[in-house]
Amino acid sequence: MICAPLMYIVYLALSADSSVWSRLWNTRIPELLFNTVSLAVSVSAGTFVLGVSLAWLVVRYNFLGRQVWEWALVLPLAMPTYVLAYVYTYLLGAGGPVEQAWQIWAGPEGRVFSPHSYAGATLVMTLDTFPFVYLLTRAALLNFNLSYEEVARVCGASRLRRMLTVTLPLLRPAIVAGLSLVILYVVSDFGAVSLLRFQTFTYAVYQQITGRYDQTAAGVLSLLLVLFALIFLVIERWFRERSRFYQTTGRYRVPARKPCGPLGTGLITLYMVVVFGIAFGLPALLLIHWSVSAVAEGAVDVRFLGFMRNSVFLSGLAATCALLIGTPLAYLASRWPSRLNVLCLQAAYAGYVLPGPVGALALLVLFSHLAPFWYGTAVVLIVAYIVHFLPAGLQTMEPALQQVTPNLEEAARSLGLGPVRTFRETTLPLVQGGFVAAWVLMFLQCMKELPATLLLRPVGFDTLAVRVWLEASEEYYKLAAPSALLIVIMTLPALLLLVSKDWRAA
Amino acid sequence: MKPIGADERTAAQEGSAHSDEQARPLVLELRKVTCAYEVGRAAISDVSFSVREGEILCLLGPSGCGKTTTLRVIAGFEPVVGGEVYLKGQLVSAPGVLLPTERRRVGMVFQEYALFPHLRVSENIAFGLRDLPSVQRETQVHAMLAMTGLTGLERRYPHELSGGQQQRVALARALVQKPVVLLLDEPFSNLDPDMTRKMREDVHDLLRRTKTTAILVTHDHEEAFAMADRVAVLNNGCLEQFDTPETIYHTPSTPFVADFVGQADFIPGTIANGKVLTEIGEFPNQGGYQGGASVVVMVRPDDIHILPVEHSGARILARQFRGSENLYTISLPSGRVVHSSETSTSVFPVGAPVELQIVATHTVLFERKQTQELGA
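Same order as they appear, the protein sequences are chains A and B.
Our numbering applies: residue 437 is where the first sequence begins, and numbers increase by one.
Our numbering applies: residue 15 is where the second sequence begins, and numbers increase by one.
One thing to keep in mind: the hints can contain errors.
Only part of the chain B face toward chain A is listed, based on derived beta-carbon distances under 8 angstroms [unchecked claim]:
no., residue
1, T115
2, E116
3, V120
4, E126
5, G142
6, Q191
7, G365
By construction, these hints were calculated from the structure, which means they are not laboratory data.
None of the values given here were measured: they were computed from a predicted structure.
Just so it is clear, CB atoms sit at the ideal spot from N, CA and C, and this is done for glycine as well.
Build the full structure now, drawing on both the sequences and the hints.
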């Protein structure tokens with residue numbers, strides 16, 4: 437069931453008439469490919485510089501407020517791309533505050549770059565995704581064995597040579613894994629590029645479905661997108677695997693942090709303030725400001741509560757179903773890793789390479805053919821959520837189950853408990869924490885999901901995420917703010933949960 | 015039985031080593047070195063010793079005694095707050111003076127080897143040879159590979175090697191630079207026990223063949239005795255004794271050293287008529303203590319022999335078969351316990367009454383209050 441959408445996309449694309457292929461090849465594909473690739477490249481470059489430099493500063497230097505910044509720099513992940521994109525369409529838009537500020541200096545003809553551009557998309561995506569690189573690089577730096585640098589010193593290497601030939605190469609797997617996540621995020625993102633009207637594969641698939649009703653063409657584009665995403669998923673896995681060899685086991689010493697003088701502290705703090713401010717602080721303040729005035733104008737009414745109810749209802753149902761489906765998968769694979777069981781688990785991860793619009797397209801077509809009576813109901817949407825977010829849930833559930841050694845269950849059995857009581861009294865209490873975390877994660881992912889909801893929701897059944905997007909595309913900034921703020925606030929605990937799990941251990 | 019000749023041989027060896035030492039130049043000298051990680055809490059204090067060319071020195075002590083700190087001071091990773099360190103006659107460390115590690119030409123083998131995981135074996139070994147032309151570099155790396163028995167593994171990555179092979183690469187990487195002195199930080203602690211003995215022999219042989227001056231840190235006295243020309247025993251950041259392994263074993267200068275480098279029993283006694291009177295017999299008063307003074311005599315299991323007799327206050331409490339010897343635990347009439355080492359084939363039943371024979375060639379005496387901190 438989980439794999440069906442992916443297979444269907446492949447089938448749809450390959451069965452397409454060759455004329456569709458050649459038409460797309462001659463018109464849309466080169467442009468889309470160029471846009472998607474160049475966006476991925478520029479965002480990678482941006483996140484590399486920001487992520488690595490910030491991680492280096494917080495791990496290797498000691499300055500006032502370091503611990504606060506260490507946490508704060510993760511917060512941009514709590515901001516869905518469409519929220520950040522919508523804030524920036526206001527900030528950088530014609531007549532927006534940035535342009536006004538610029539005109540004071542450059543005269544009334546001064547113009548800033550439009551947010552609806554390559555540069556705008558790059559800026560928004562970079563600010564939203566650099567924490568991936570930051571987090572992984574930081575973890576690798578914290579795990580870094582000082583002996584490597586000391587050995588290099590004993591071998592007579594200068595400071596620069598040590599950094600270039602020892603430290604950076606040893607961080608390479610972590611950095612590449614982080615960049616792969618960033619690229620995966622960029623190519624499958626729909627919210628930001630659609631609001632910024634930047635033509636990438638996801639946006640084009642959406643347009644083919646809604647504007648042209650051309651499902652075959654959408655299928656072709658989807659296949660290319662899936663292939664693209666798959667490449668980076670494989671790269672990320674490969675480098676994570678490799679990074680195992682780069683970690684030292686046993687006893688080792690961690691480099692001491694270098695204390696900073698007042699000047700150093702000032703410069704570092706300025707850098708952190710600027711990055712954090714434009715990525716999270718300023719947008720968050722703006723959202724709060726808009727929300728306050730929107731509430732004063734009476735925007736939070738019965739309708740708003742309805743959207744909230746819809747969001748919570750859908751997400752809760754989807755997360756619960758996903759947990760019920762995921763438990764046997766994870767349990768079987770960790771206890772009896774036969775080929776079939778492991779294959780089932782791997783198949784569930786397929787949802788990862790299905791960007792929102794693509795999964796939605798597949799389900800749209802599948803349901804309209806196989807079960808037309810469900811078409812246009814919330815059932816389709818819930819299935820879409822499960823397909824998309826079950827992998828994330830499984831990643832949390834699997835380690836929790838693996839921590840419970842079979843010996844514990846065997847001990848319970850030897851003490852006279854039946855299999856059901858063993859599970860209820862031994863396994864369940866031990867995995868509870870992990871499963872609750874998985875549920876929370878899936879719930880919140882569903883809350884902020886945009887493209888599939890847009891395409892599959894029953895008529896008139898809007899969620900918070902959909903409202904943000906609809907309001908923002910019409911440039912009703914204030915109206916979109918309460919929903920957006922609510923999403924950001926609800927995402928924060930999940931983010932902290934995710935990060936704190938391997939914060940120091942990482 | 016310990017033949018008297020053993021001691022004569024030891025003395026003879028010491029003599030020859032002594033005359034040999036005069037010929038060989040000093041490579042490293044520590045003069046009253048003090049090092050503190052935190053102000054007011056010295057990790058090592060007033061440590062002085064010197065190493066001559068080609069010598070192997072062991073820094074021996076329990077964990078936290080400052081032996082690794084001493085090594086890091088020599089390598090230049092830690093600054094000193096007092097004293098001086100000389101390397102080949104050049105002052106390299108003193109308060110306010112710190113020649114950076116990269117200019118000291120020391121080699122170092124870390125406890126966990128710290129092989130660069132992103133470089134192949136040959137690249138790891140060649141890391142410190144950057145200034146040489148590539149042909150020369152190649153030749154040296156190959157010579158080193160052959161010498162350490164790593165030929166054929168040069169294209170491998172560190173994670174594809176066994177523990178022993180990794181250690182050899184770490185050694186090769188340090189030796190290929192022809193260091194002034196090679197520093198080894200607990201090099202055998204990450205190996206399987208049966209591997210350790212073989213590696214000790216190999217490393218000892220390699221250091222001798224390359225005439226390398228080496229300092230080895232260890233907490234294992236057997237390792238120190240097997241490897242070292244001289245041993246420095248450290249405790250709580252202070253140098254307790256600096257001598258040949260034989261002297262350290264037979265005539266330890268403090269109760270701590272006596273207890274740390276092997277099994278030792280401390281028998282209380284008093285001085286009377288120029289002799290030490292104890293529960294197990296009389297000993298000569300070699301310490302020159304005043305009459306009536308309270309002292310303890312240190313005896314090692316190989317100084318005590320037992321004979322089964324009909325009646326005696328001393329009984330065998332337990333026997334531990336160790337392959338090459340039998341170690342007996344004997345309870346004395348007072349309840350005190352001493353140990354005796356007998357040959358592998360001398361088997362007596364537990365509970366049998368025995369008579370003790372002391373065959374020590376030299377008596378080691380300490381003041382009684384000195385041993386109290388050991389709990390003896």
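Ascending list of hint numbers which this structure does not respect
The structure conflicts with hint 7 only, although it agrees with all the remaining ones.
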